[in-house]
Amino acid sequence: MTQPELLARPAPPAPAPLYRQAFLIRAVEERLLQLFGQGKLFGTVHTCIGQEWTGVAAADALLDGDTVFSNHRCHGHYLAWTDDADGLIAELMGRQTGVCAGRGGSQHLCGRGFFSNGIQGGIVPVAAGLALAHKLAGKGGVSAVFIGDGTLGEGAVYESLNVASRWDLPLLVLLENNRYAQSTPQDQTLAGEIPARAEAFGIEASRTGTENPARLLADVARAANGVRADGRPRFVVIDTYRLMAHSKGDDDRDPAEVAEYRERDPLTRFARDYPAEAGEMAAAAAARIDAAVAKADAAPWTTPNEAEPLPTGPVRWSRTEVAGEERAVARLHAAFRHALAADDRVVLIGEDIEGPYGGAFKVTKNLSAEFPGRVRNTPISEAAIVGVGNGLALGGYLPVCEIMFGDFLGLAFDQLLNHAAKFRYMYGGKVNTPLVVRTPMGGRRGYGPTHSQSIEKHFLGIPDTRVLALHARFDPAEVYARLFATIDRPTLVVENKLLYGAKVTHAAPAGFVYEHTDEPFPTTRLRPGADPDVTVLCYGGMLPEAEAAAAALFDEHEVAAEVICPTQLYPFDPRPLLESVGRTGRLVIAEEGPGFAAFGAEAAAVVAERAGRPVRVRRVSPPEAPIPACGPLEKTWLPGAAHIVGGVLEVTADGR
Amino acid sequence: MAADTPVVVPHESVNDETVKLLRWLVADGQRVSAGEDVAEVEGSKATFNVPSPRPGVVRLLARVGDEVAVGAALCVVSATDAAPQANGQAHAPPPPPPVRPAAPPPVVESRPVAAQPVLAGPGTQRFSKAALELVQQHRLDPELFRGAALVRARDVLARVAPAAPAHRQPDPPPVAVPEPEPARPAGGVPGPANGPFDEVPLSRQKQTENRYLRQGGAHVIPSQVTILVPTAGLRDALAEDPAGLSATALIVFEVGRLLRRYPDLNAFYTSRTSCRYREVNVGFAVAGEYGLKVPVVRGADTKSAGKVAEDVRELLAAYAGNTLLPEHLSGGTFTVSDLSGEGVFALNPLIVRGQAAILGVGAEVRHGGGATFSLTLSFDHQLADGLQASRFLSDLAARLRHHESTLRRPAAVPTCSRCGRTVREVRRLNGHLLQTVDEAGGVVRVCTSCAAGF
Numbered sequence: 002m003t004q005p006e007l008l009a010r011p012a013p014p015a016p017a018p019l020y021r022q023a024f025l026i027r028a029v030e031e032r033l034l035q036l037f038g039q040g041k042l043f044g045t046v047h048t049c050i051g052q053e054w055t056g057v058a059a060a061d062a063l064l065d066g067d068t069v070f071s072n073h074r075c076h077g078h079y080l081a082w083t084d085d086a087d088g089l090i091a092e093l094m095g096r097q098t099g100v101c102a103g104r105g106g107s108q109h110l111c112g113r114g115f116f117s118n119g120i121q122g123g124i125v126p127v128a129a130g131l132a133l134a135h136k137l138a139g140k141g142g143v144s145a146v147f148i149g150d151g152t153l154g155e156g157a158v159y160e161s162l163n164v165a166s167r168w169d170l171p172l173l174v175l176l177e178n179n180r181y182a183q184s185t186p187q188d189q190t191l192a193g194e195i196p197a198r199a200e201a202f203g204i205e206a207s208r209t210g211t212e213n214p215a216r217l218l219a220d221v222a223r224a225a226n227g228v229r230a231d232g233r234p235r236f237v238v239i240d241t242y243r244l245m246a247h248s249k250g251d252d253d254r255d256p257a258e259v260a261e262y263r264e265r266d267p268l269t270r271f272a273r274d275y276p277a278e279a280g281e282m283a284a285a286a287a288a289r290i291d292a293a294v295a296k297a298d299a300a301p302w303t304t305p306n307e308a309e310p311l312p313t314g315p316v317r318w319s320r321t322e323v324a325g326e327e328r329a330v331a332r333l334h335a336a337f338r339h340a341l342a343a344d345d346r347v348v349l350i351g352e353d354i355e356g357p358y359g360g361a362f363k364v365t366k367n368l369s370a371e372f373p374g375r376v377r378n379t380p381i382s383e384a385a386i387v388g389v390g391n392g393l394a395l396g397g398y399l400p401v402c403e404i405m406f407g408d409f410l411g412l413a414f415d416q417l418l419n420h421a422a423k424f425r426y427m428y429g430g431k432v433n434t435p436l437v438v439r440t441p442m443g444g445r446r447g448y449g450p451t452h453s454q455s456i457e458k459h460f461l462g463i464p465d466t467r468v469l470a471l472h473a474r475f476d477p478a479e480v481y482a483r484l485f486a487t488i489d490r491p492t493l494v495v496e497n498k499l500l501y502g503a504k505v506t507h508a509a510p511a512g513f514v515y516e517h518t519d520e521p522f523p524t525t526r527l528r529p530g531a532d533p534d535v536t537v538l539c540y541g542g543m544l545p546e547a548e549a550a551a552a553a554l555f556d557e558h559e560v561a562a563e564v565i566c567p568t569q570l571y572p573f574d575p576r577p578l579l580e581s582v583g584r585t586g587r588l589v590i591a592e593e594g595p596g597f598a599a600f601g602a603e604a605a606a607v608v609a610e611r612a613g614r615p616v617r618v619r620r621v622s623p624p625e626a627p628i629p630a631c632g633p634l635e636k637t638w639l640p641g642a643a644h645i646v647g648g649v650l651e652v653t654a655d656g657r
Numbered sequence: 024m025a026a027d028t029p030v031v032v033p034h035e036s037v038n039d040e041t042v043k044l045l046r047w048l049v050a051d052g053q054r055v056s057a058g059e060d061v062a063e064v065e066g067s068k069a070t071f072n073v074p075s076p077r078p079g080v081v082r083l084l085a086r087v088g089d090e091v092a093v094g095a096a097l098c099v100v101s102a103t104d105a106a107p108q109a110n111g112q113a114h115a116p117p118p119p120p121p122v123r124p125a126a127p128p129p130v131v132e133s134r135p136v137a138a139q140p141v142l143a144g145p146g147t148q149r150f151s152k153a154a155l156e157l158v159q160q161h162r163l164d165p166e167l168f169r170g171a172a173l174v175r176a177r178d179v180l181a182r183v184a185p186a187a188p189a190h191r192q193p194d195p196p197p198v199a200v201p202e203p204e205p206a207r208p209a210g211g212v213p214g215p216a217n218g219p220f221d222e223v224p225l226s227r228q229k230q231t232e233n234r235y236l237r238q239g240g241a242h243v244i245p246s247q248v249t250i251l252v253p254t255a256g257l258r259d260a261l262a263e264d265p266a267g268l269s270a271t272a273l274i275v276f277e278v279g280r281l282l283r284r285y286p287d288l289n290a291f292y293t294s295r296t297s298c299r300y301r302e303v304n305v306g307f308a309v310a311g312e313y314g315l316k317v318p319v320v321r322g323a324d325t326k327s328a329g330k331v332a333e334d335v336r337e338l339l340a341a342y343a344g345n346t347l348l349p350e351h352l353s354g355g356t357f358t359v360s361d362l363s364g365e366g367v368f369a370l371n372p373l374i375v376r377g378q379a380a381i382l383g384v385g386a387e388v389r390h391g392g393g394a395t396f397s398l399t400l401s402f403d404h405q406l407a408d409g410l411q412a413s414r415f416l417s418d419l420a421a422r423l424r425h426h427e428s429t430l431r432r433p434a435a436v437p438t439c440s441r442c443g444r445t446v447r448e449v450r451r452l453n454g455h456l457l458q459t460v461d462e463a464g465g466v467v468r469v470c471t472s473c474a475a476g477f
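Residue numbers (my numbering), protein chains in the order written: chain A, 2 to 657; chain B, 24 to 477.
Incorrect hints may appear among the rest.
Claimed, not checked - Each pair of labels, with its calculated beta carbon distance range: (1) B/GLU59 / A/ALA370: 21 to 29 Å; (2) A/ASP489 / B/ARG77: 24 to 32 Å; (3) A/GLY193 / B/ALA57: 51 to 59 Å; (4) B/ARG54 / A/ALA370: 33 to 41 Å; (5) A/ALA138 / B/PRO29: 51 to 59 Å; (6) B/ARG54 / A/ASP169: 50 to 58 Å; (7) A/ALA549 / B/GLU90: 17 to 25 Å; (8) B/ARG169 / A/ARG614: 28 to 36 Å; (9) A/ALA138 / B/GLU90: 44 to 52 Å.
For the record, the hints were derived by calculation from the structure and aren't laboratory data. Glycine included, C-beta positions come from ideal geometry on N, C-alpha and C.
All chains, please: the whole structure from these sequences, using the hints.
Rendered as structure tokens:
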């Protein structure tokens, strides 16, 4: 090409460096498709070919210190924000040098305040939570989040828009409208207008597109600056088109339609108008990519997840004196009051937790007045509550999310399972998620099938999480104090409904003593004053029943039962249990929720594998049926002391 | 006048069985209107105010800080103004509202423990039901198991078997344990000496007696009730009884029968339990040449008065011959201490180990218009109370008096030695029966009619 020709053409519609970025993105995506074909990638690849300018525009509009959340189609967003082609390619090739140490793969990238997750919509409340963190920090940060038009089917999006608007959060939602939800055309699944959704929440919405990069850059910048200026959310609809399949082998679109969009694609047009520049940009990108692939090829595979080593060695027991005889609800209140006063990072959110109501079980009574802005009422949006908690945790805060009834946790399950529990691992250990979710569980109050359940079994065994169950024989305030001091992962705390009114005391029945292991979240043992004949394993709300059973077993049947009651259900440290069954050879496991695939099943399996001697096991749990509301029926449905006694008599039937 | 209306703790939260009284919003004796809040209380979920259901004057029943059961009365409201003064004791004005202290940081204190045994401190020991029954059956002192947190039947049997004398299968005697004797300072002056003294070692007999009494006292909360029983001469009547029932035998017999109706006096106390003996074996204290001993009439509730009298006679004879065997002295479930022969007015007998009560019998005291004797019951207040004890004594007194009236021969009705009229007939004739002496100095009675006739 010659100089005069170049001068004769119109100026490119956007700055050249941004075109270079866009070409790099496209070249990386195309190379990833090749690598996939060569078997060098795993799973699948969602390319953004045709949509490159959304990421470029966002990166251009946002500042250092802002945060960017993205979805399954995140490569372009990430590259535009970080320019880290090496890290991205190595990540997709599963190498230790990947941006997330090769653990996250295509959909899970993290760097420079960038977080992506492949779950549709679930990242939006997390972005809102980080917006709240920006707001609390007061440094003018903005939290941007990419969603697609297909994501509009997810309820979490609307919970988040509501919260962001009501709380004035600096949240910038960038919706890439490529008109297909994977393979489903928009007109089959989307009702109403897209901007109207945001406007319904009082959020300023605007519409732009990728066909005109200059206009796109200006529109996105205006929205981002607006968020930064008034701290209110903005919603930008970016019309765009994906030129390749959603993933691999799932493109049923009319080839003529795709061809038409390829003609209108800004990079196609740029290459046509500026072939030399485009050629140079493509060549430079190819060279970077070649180098990146070569480096990644030479790098080692990612390592397996470092399984958390459970404590080993003998169990050390101590007796613990509880000061005073307060109700557990007072101890919990004291714990949160102390934590709020001692650590500015602690934030409490949940339904009805502000004064004067102070939470359904009054744990947060008066705290909202004492710590304004840090004890917040939320809408009835469990996914958003935990999602916002996740965002706060990523933003360096210590969020405590109260779920009014444990039964409602189902609404927030995705936030625990696919977000909180995954961040640390899939982001290559760059973050942890110090999220506390606390909730009352359990029956004996007649609240019925959806308010009286003990559903913690569904939350057990999610790697990188912790599940605690409180009881009144070890100070719940101490548990929370230790939790705030050491928290390194999402932690679900189960508070049995009967616990709140119970007096916190270490007092044991005559002839028995309470002891605790020296773990941060100890196992409690009710030790009989004679060699134990049988071990009773329980947790949380079953401890009072097990205690009564132990007393009755001795009085009526001369059986000395040792009760083992872990505070930490997961990860489960089986040493105290194994130590006990090693002496008794008999185990009865009591649970308040139905026993199939529950904690007791796991404990029984551990005993079978590791006890080192045959152990007779019985499980005591309610029928595999919903919990009734009717008081007398509930009483017979729930296992109590008498059931435990019955179980013990079965395993001790052949004498001692 | 309308009755007092209680102001009860409402059922505010399903979680609470009690609430804590935080403060009074009214003073004792204050007039309140209907719906006016009288108290602030704290449940697990909330603090809330309790209103008065009606107008009137309040009388406070609980104190600030009390845990009051849901449904229980915090105070009463009465229509009358005078009511609060009626009980004479004006309550102090309500204290200023308690300032809620800043919630303290969580405080717990841990101390490591080795795998040491669980030691039983006060109130922390547990007997299985079977163990308790055995302890009761063998009349063992629960103290034997001090230090064991959990006591099973086999633990009790282990204590029983080696100590059981071969010649008594069914009822091994109580097992003695070394008593905690106050330590004697080495080489120093023993005890609370107030001047020069001579040391005379106690006889073994006295030492044993002391040990039993000390053990008996260690676990009881002693209490005492004494009644005075009017009598027209029970002992005289008994002395004239052809059946030869002695006073001691009669008391043993009646006590035996009565204890069936007072099982908690034929029992012992241990760990929140009344261990009621199945047999009634009444011991009676004998003190004489061979020291204080308490031979036992076994099955006193099942024996006839004559059989009891026979047993008492044999036991007394054995004492006199110093041939009492251990089995004569063991297994008592109740004891009678009769010091009437010593002219004692009343006594304070000490409860014997493994028993709930002991009866003390005082001497007949004559005074103007008749005679009385005292009956004293020392009892373990953990098992009985003063009312029960006094009813037991009253029942016993009634039975003894019944004996007195049946044993006594029909009283000789005074008659005139001349005309044979009875004193009543003489009085009907407006005469009198005079008492005089005959030549031999014997008492003779003669009516005024016959006397006038001479």
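Each hint tested on the structure:
no. : hint                            : verdict
1   : B/GLU59 / A/ALA370: 21 to 29 Å  : holds (27 Å)
2   : A/ASP489 / B/ARG77: 24 to 32 Å  : violated (60 Å)
3   : A/GLY193 / B/ALA57: 51 to 59 Å  : holds (57 Å)
4   : B/ARG54 / A/ALA370: 33 to 41 Å  : holds (35 Å)
5   : A/ALA138 / B/PRO29: 51 to 59 Å  : holds (57 Å)
6   : B/ARG54 / A/ASP169: 50 to 58 Å  : holds (53 Å)
7   : A/ALA549 / B/GLU90: 17 to 25 Å  : holds (21 Å)
8   : B/ARG169 / A/ARG614: 28 to 36 Å : holds (34 Å)
9   : A/ALA138 / B/GLU90: 44 to 52 Å  : holds (46 Å)
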